[in-house]
Amino acid sequence: MKAFAEKKVLLSNVGAIDPERIEDYLDRGGYEGLRAALKRSPAEVVGEIKESRLRGRGGAGFPTGLKWELVLKSRAKTRYVVCNADEGEPGTFKDRVLMEGDPHRLIEGMTICGYAVGAKRGFIYVRGEYALSIRRLERAISQARQRGLLGRKILGSDFSFDLEVRAGAGAYVCGEETALLESLEGKRGWPRIRPPFPVDYGFRGKPTVVNNVETLANVPEIMCRGAAWYRTLGTGDSPGTKLYPLSGALNRPRLVEAEMGVPLRTLIYDFGGGLPGGRELKGVLVGGAAGAFLAPEELDVPMDFKSLWEIGAGLGSGAVLVFDETACVIDVLWSVLSFFAHEACGQCTPCRVGTVILLSLLEKVQNGSGDPAVLEKMLKVTHLMKVASLCPLGQSVRLPVETALEKFRREFESHLKEGPCPQCKATTEVHA
Amino acid sequence: MGKLVKLRIDGREVEVPEGTTILAAAAAAGIEIPHLCHHPELSPAGICRLCLVEVDGRLLTACYHRAAEGMEVHTDTDRLRRLRRLNLELILSDHPLDCLVCERNGTCELQRYAYEFGLEGNRFRGPDYDRQELPAREDNPFIRYEPEKCILCGRCVRACEEVQGRGVLDFASRGFSTRISTGLDRALTEVNCELCGQCLAVCPTGALTERARRFRGREWELRRVDTVCPFCGCGCRITLHIKDDRIVRVSGGYRGFRLCVKGRFGLSFVHREDRLRTPLVREGSGFREASWEEALDLVAERLLTIKGRYGPDAIAGLSSAKCTNEENYLFQKLMRAAIGTNNVDHCARLCHAPTVAGLVAAFGSGAMTNSIDEIVDADCILVTGSNTTEAHPVIAQEILRAVRRGATLIVVDPRLIELAEHARFHLRQRPGTDVAWINGFCHVILKEGLWDRDFVRERCENFEEFAEVVERYTPENVEGITGIPADALVEAARAFGKAERGMIFYSMGLTQHTTGTDNVLAIANLAMLTGNVGRRSTGVNPLRGQNNVQGACDLAALPNVLPGYQKLADPEVRGKFERAWGVKVPERPGLTVVEMFQAALEGKVRAMVIMGENPMVSDPDISHVAEALERLEFLVVIDIFPNETTRFADVILPAASFAEKDGTFTNTERRVRRVRRAVPPPGVAKPDWEIICELATRLGYPMSYSGPAEIMDEIASLAPIYGGISYGRLESGGLQWPCTDPDHPGTPFLHEGRFVRGKGRFHPVEYRDPAELPDPEYPLTLTTGRVRWHFHSRTMTGRVAGLQELVPEAYVEVNPRDAARLGIGDGDRVRVSSRRGSITVTAVVTARVPEGTVFIPFHFGEAAANALTNPTLDPRSKIPEFKVCAVRIEPVGK
Amino acid sequence: MREGRILLARRVNRQEIVRKFPRREDQLLPLLHALQRANPQNYLTPDDLRAAAEHLRLPLAAVYDAVTFYSMFSLFPRGRHIIRVCRSPTCHLLGAIPLIEALERELGIRIGETTPDGFFTLEAVSCLGLCDRAPALMIDGESFGPLAPKDVRELLTQYREVKR
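From first to last, the protein sequence lines are chains A, B and C. Mapping of the first sequence onto the working numbering: residues 7 to 438, in sequence order. Mapping of the second sequence onto the working numbering: residues 42 to 935, in sequence order. Mapping of the third sequence onto the working numbering: residues 13 to 176, in sequence order.
FYI, nobody ran anything at the bench for these hints, they're computed from the structure. Incorrect hints may appear among the rest.
[Claimed, not checked] Taking lysine to aspartate or glutamate and the DMTMM-like style, the derived pairs with C-alpha atoms no more than 25 Å apart in a straight line are:
| id | chain 1 | residue 1 | chain 2 | residue 2 |
| --- | --- | --- | --- | --- |
| 1 | A | K370 | B | D135 |
| 2 | C | K32 | A | E170 |
| 3 | A | K193 | C | E66 |
| 4 | C | K32 | A | E144 |
| 5 | A | K212 | A | E170 |
| 6 | A | K126 | C | E37 |
| 7 | A | K386 | A | E412 |
| 8 | A | K370 | B | E161 |
| 9 | A | K392 | B | D135 |
| 10 | B | K608 | B | D354 |
| 11 | A | K392 | B | E113 |
| 12 | A | K383 | B | E157 |
| 13 | A | K431 | C | E118 |
| 14 | A | K193 | B | E462 |
| 15 | B | K348 | B | E636 |
| 16 | B | K47 | B | D117 |
| 17 | A | K126 | C | D38 |
[Claimed, not checked] Far from chain B by the CB rule (all over 12 Å, computed), these chain C residues:
| id | residue |
| --- | --- |
| 18 | N25 |
| 19 | Q27 |
| 20 | Q39 |
| 21 | R49 |
| 22 | I94 |
| 23 | P128 |
| 24 | F131 |
| 25 | A136 |
| 26 | D152 |
| 27 | E154 |
| 28 | S155 |
| 29 | A160 |
| 30 | P161 |
| 31 | Y171 |
| 32 | V174 |
Even glycine gets a Cβ: it sits at the ideal position worked out from N, Cα and C.
Can you build the whole structure from these sequences, using the hints too?
Listed below in structure tokens is the structure:
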């Protein structure tokens, strides 16, 4: 079995440079990827990304090169690049660390993307709470402009491109790409029905690449070192490194970078330093609130798109939330569901009503007042939400609920029989 | 037409145009897919998720996704039924189940699906997620909102935005707390809502309902009668819902649901207590009730006496653009055949006489050339002298729909009217300078080679003379006259010149001038120059004001023509009518409205018959009208309410309203539609046509018809443009004249291939100043117009509590700069004076009017704008100059 | 009198802010952020909404829609400093509830309320992206965590001192 160590590619500068000085970034080979890209044709740049088999890091894992190609080949003249930096997934802080610690990497990646797809303008939509990220990005953009790395005729080429940071205003759903575009247009962040996808109908109806921060941060590296090098990292299906935000019951909760396919166990026990006080691990929520609960016997799963999909989970944001024997799964699920009830956008019926009903049903479990049929009702609702919700937010609520019920069913049943555990009691009392 | 795509829906092969949604394709195949948020007249939202269908194993949103070639669609599988059932259970989990007392019981779409899916009980109902107590809101006169019943389908939001262009309603908050709201949750009356009620017309549940219908009848208890709205010339089809002979609510409208505030909420006047219920005869300074026998005998005797003493031309009649075609026909027949004079006219004189004069000269027909349905396909729309949103709301909706589909809108109007907010170009001319800017448009279009050479060469005449005149109207010269910046004029003219399908709309802002006919001729020139006549979605489209002003003109309630615009001067035409009517038809043209009052003052006219008109509000220089009415030896007024004019009558005869009689109206697009009796008239009131028959008979000219259908048959036999119209044919919908024989399908647009007069004729017209310009004594220009809440002299709308509440009295709009100079604040009482009179009104300080211009709505008898207006006439059409006169304003001491 | 002058100053200020933004619908969120930032009480007044609607040529309802949709905008006066405490699953797991209780106790207010001196407003947030420092909170743009209930008093006292 392959031994995994941390591998710093995207994080190579974080902590090592002053993110407010472009010189630091340049000294470490910054913007070389852009120079390399500008020497090639847009189609060649897109080809390189395609060849690297880079997959989107926002959660869906869509091939980035293919996305770019669709926009490059579009007939519309005006196109946009939008960076999805509306990082709101619970347990996830990877984009923040990148933006705060190495903002130029993102700017360089976006500029390369703009060149590759023929866009003249790009937007970085950062969640409003990330004040420091916004400040650092704005500073970095103005430095890049001063150096001719953004703006008219970049690096003496015929390519002009500029970037603008836009702050979100507190809505998780805007992390969904079409909701993000609506929000960028000045409207409430209600997701659009897909298809059409943003590559056809994006910002103001124009073809638009929407990529996650981490995805774009990979781009300069691929341009510098080539697709072949990139493919030596990670797995055949999911090349490259991945940022894994580790949180919860860990000795060293933090952001780590490792090659795709690193086993969950390695992340928890090696990189995360194991559980404090020698406590036993009870379970892991992988991929964020919209992710899956995994049981202790699943810790050897390789953390890549395909392997997680095969066990009925998903890589999502790569977030790893660990909880130990003292935690109550129902209580964790309660906080997941109250998160969704608070963040549902209200547009489609299944999710608007479903999230609230799920929470109320779970509260019946928590306080022991429900009959066993409650659990079946929950599954009915999650099924409807999965197939009938308008956007991935509603569709994904099923994953934590179903995996929790499947893997920790006895805990649910004992709550139903014996009434609330101390955690649930504390939670329900506060929120009564 | 687009390509067709073939697909299978539930095993049925369907072929639909490319771009059709799956839901619409299924509907075309007779398959209904359940849906709540979708409405066929609104953009798809796809948010209720009931319409999901299976397509090749995938679930697609049927209201949103398009049918594609080869698709295999399943709309009703077990899986889909289960999903829909569960989805409905979720919707109902927090919906009040008070169907017993809900106004939408029986028509609620949610209730229907709940029943169809057999939703007994609800596994998810619970107090935990009941919406907080959300009280019903009745913060406006007409619309009741019960938020608890709202299922957040968003139809109302889309209707407000897409149909009405308002955006008064929107979603607010998010998640389970999402609700429909106005800006800052203000009352509808505080957020510029037009109260058109489009929102409640599309609401699938009882969340939005008519306040007035509450507990007045459940849907299945209501009798429905299809008829035509009695207000403006849009002539919308409406359905009256009736219980116990009272109108409970109104539905229908353009494209099935679109009405305006008056049509939807303004019909309660029908049931007002102060309707005229019995004939009244003057006694001293008041009136006493009389029998029909007595009253009609008296009228006949007085008219015969006056006719005997002074001749038939001493009698004049005003017919009514509010009455039916049949009644107008009979009225002019009464005047011409029974009395023997051509002294018959009606208020069209005061609105579109220049249109008739101008367009007949240029094209050969004075009517709106094209149809309302065609607006949406125009690619450039020029609106001038029409505050369409307020005066013809449904046509404005169509203009907005065209704009949404990419049409360029050009508004030329001194005021910042609402349509201007949606326009690419808003040019603000000085009132009364229309010939100049229209010639300027032609100048630019000619100079830039944007004119339609083939059209002009093949279909028009007199082009050179016209071209010579417009040569002088350079943008710079035009700017000097009109105040419209030269470059803006050039750009707007260019946009119109380049249009493939340019439509022109105008109304009284163009006609009510001493240069009214010239204005119309200039507009006709512009349309011909650009080849925008005789095709779909083009044309010169005068918007007619009254519900049946078109019909009143068609049927010759005019002093100089016989029904169907047949020339009085033509002996052959007269011969035809003489044979049919069995009497000699007087040859000499009669007097027009304003001339009648002049003649009355001069003692030439001694008696008048006025049917359904209120000249004491609607005519210029009212004090002059009052004097004239005072001087008459005898005045009989037929009306539904006592009004400013009935005060002068010797006999008042009570008439049936539109809801109480059968007949037809002809709307602005020449469409003849059936009006149907829905409720009985109050007291002993009678339809006007019956009154006319009885009066004519007493005058020694027996008239007897079995009903309006027979009158229409007589019209058809005499007026070729109505030749093919009969009640039998009208049962299945309206017909647009010319409709010359029983097989003729009617004519959506005129002048196809050939102008009615043969060739279209260019008329060179030169700019002339308005009759009265501001001077040091009267330094401001007054212009008049309508507001959407009222109709005409307010005889009807002034009696609708809600409408009266919204705009209870007259006001004057003053530009902030003028206001500052004159020391006038918003809400101050001010005196507005002209050379003819003065009125006291409240000032509204607003930039809607440009500096130097003030605006007063003309609806209000108590502070009648027409006490100020100038009766100087356009020499050709005899229309007075309502739109321009010089006034001064001064604050009145508190 | 003084109040009148403040109101007038706010109006002038508002127009200055509004004028800086292009008249495009997509400027709505940036404009609302700017207006809210300019208000010492951290909220949007009805006049702010009207000014934004007028400037961007949007219906007032559309502006109200956005303001009520996004949780960072407030229609009610708030404190000069906003404490956003995270209640994400991670923070919940590691003690967000006791932390919130400690904050409420220390400030004498509940979630959503403002201290009587107008200094702090306490809000709960779905997730702050500070999971490596859970349980965490932010005061304005500054992050703090992990925090135990016992750390609260010192944190607030220090913050008050620094910002006073």
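Hint check results:
Taken as a hint, the K370(A) and D135(B) pair is honoured in the structure, with Cα atoms around 18 Å apart against an allowance of 25 Å. Using a Cα cut-off of 25 Å, the hinted pair K32(C) and E170(A) holds, with the two alpha carbons roughly 16 Å apart. Between K193(A) and E66(C) the alpha-carbon distance is near 16 Å, which keeps this suggested pair within the 25 Å criterion. Pair hint K32(C) plus E144(A) holds up; C-alpha atoms about 18 Å apart against a cutoff of 25 Å.
Simply put, K212(A) and E170(A) have alpha-carbon atoms about 17 Å apart, close enough for the 25 Å limit, and the pair holds. A C-alpha spacing of about 20 Å is found between K126(A) and E37(C), which places the hinted pair at or below 25 Å, so the restraint holds. Note on K386(A) and E412(A): the hinted pairing holds, with a Cα-Cα distance of about 14 Å set against a maximum of 25 Å. A C-alpha spacing of about 23 Å is found between K370(A) and E161(B), which places the hinted pair at or below 25 Å, so the restraint holds.
For the hint pairing K392(A) with D135(B), the CA-to-CA distance comes to about 21 Å; that is within 25 Å, so the pair holds. For the hint pairing K608(B) with D354(B), the CA-to-CA distance comes to about 19 Å; that is within 25 Å, so the pair holds. For the given pair, K392(A) sits about 23 Å from E113(B) by alpha-carbon distance, which is consistent with the 25 Å threshold. Pair hint K383(A) plus E157(B) holds up; C-alpha atoms about 22 Å apart against a cutoff of 25 Å.
Restraint check: the Cα-Cα separation between K431(A) and E118(C) comes to about 23 Å, which is no more than 25 Å; the hinted pair holds. Only pairs whose Cα atoms come within 25 Å are accepted, and K193(A) paired with E462(B) is accepted, the gap being roughly 21 Å. The straight-line distance between the Cα atoms of K348(B) and E636(B) is roughly 19 Å, inside the 25 Å bound, and the hint therefore holds. Proposed proximity of K47(B) and D117(B) is supported: the alpha carbons are some 20 Å apart, at most 25 Å.
The suggested pairing of K126(A) with D38(C) holds, with an alpha-carbon distance near 17 Å, which does not exceed 25 Å. The claim that N25(C) is not at the interface with chain B holds, since no C-beta of that chain comes within 12 Å of its own (minimum 21 Å). Look at Q27(C): its CB is around 17 Å from the nearest CB on chain B, clear of 12 Å, so calling it non-interface holds up. No Cβ of chain B comes within 12 Å of the Cβ of Q39(C); the nearest lies about 17 Å off, and the non-interface call holds.
For R49(C), the shortest C-beta to C-beta distance to chain B comes to about 21 Å, beyond the 12 Å cut-off, and the non-interface label holds. At roughly 20 Å from the closest C-beta of chain B, the C-beta of I94(C) stays outside 12 Å, upholding its exclusion from the interface. With a cut of 12 Å on Cβ distances, P128(C) stays outside the contact zone with chain B, its closest approach being about 27 Å. Non-interface call for F131(C) relative to chain B: holds, since the shortest CB-CB distance, roughly 28 Å, exceeds 12 Å.
No beta-carbon of chain B comes within 12 Å of the beta-carbon of A136(C); the shortest separation is about 15 Å. Look at D152(C): its CB is around 24 Å from the nearest CB on chain B, clear of 12 Å, so calling it non-interface holds up. Distance check on E154(C): its Cβ is at least 27 Å (rounded) from any Cβ of chain B, clearing the 12 Å threshold; non-interface status holds. The non-interface label for S155(C) is consistent with chain B: the shortest C-beta to C-beta separation is roughly 25 Å, beyond 12 Å.
No beta-carbon of chain B is positioned within 12 Å of the beta-carbon of A160(C); the least distance is around 32 Å. Distance to chain B confirms P161(C) as a non-interface residue, since its nearest Cβ pair spans about 29 Å, more than 12 Å. Every CB of chain B lies more than 12 Å from the CB of Y171(C), the least distance being 31 Å, so the non-interface label holds. Every CB of chain B is more than 12 Å from the CB of V174(C) (nearest about 35 Å), matching its label as outside the interface.
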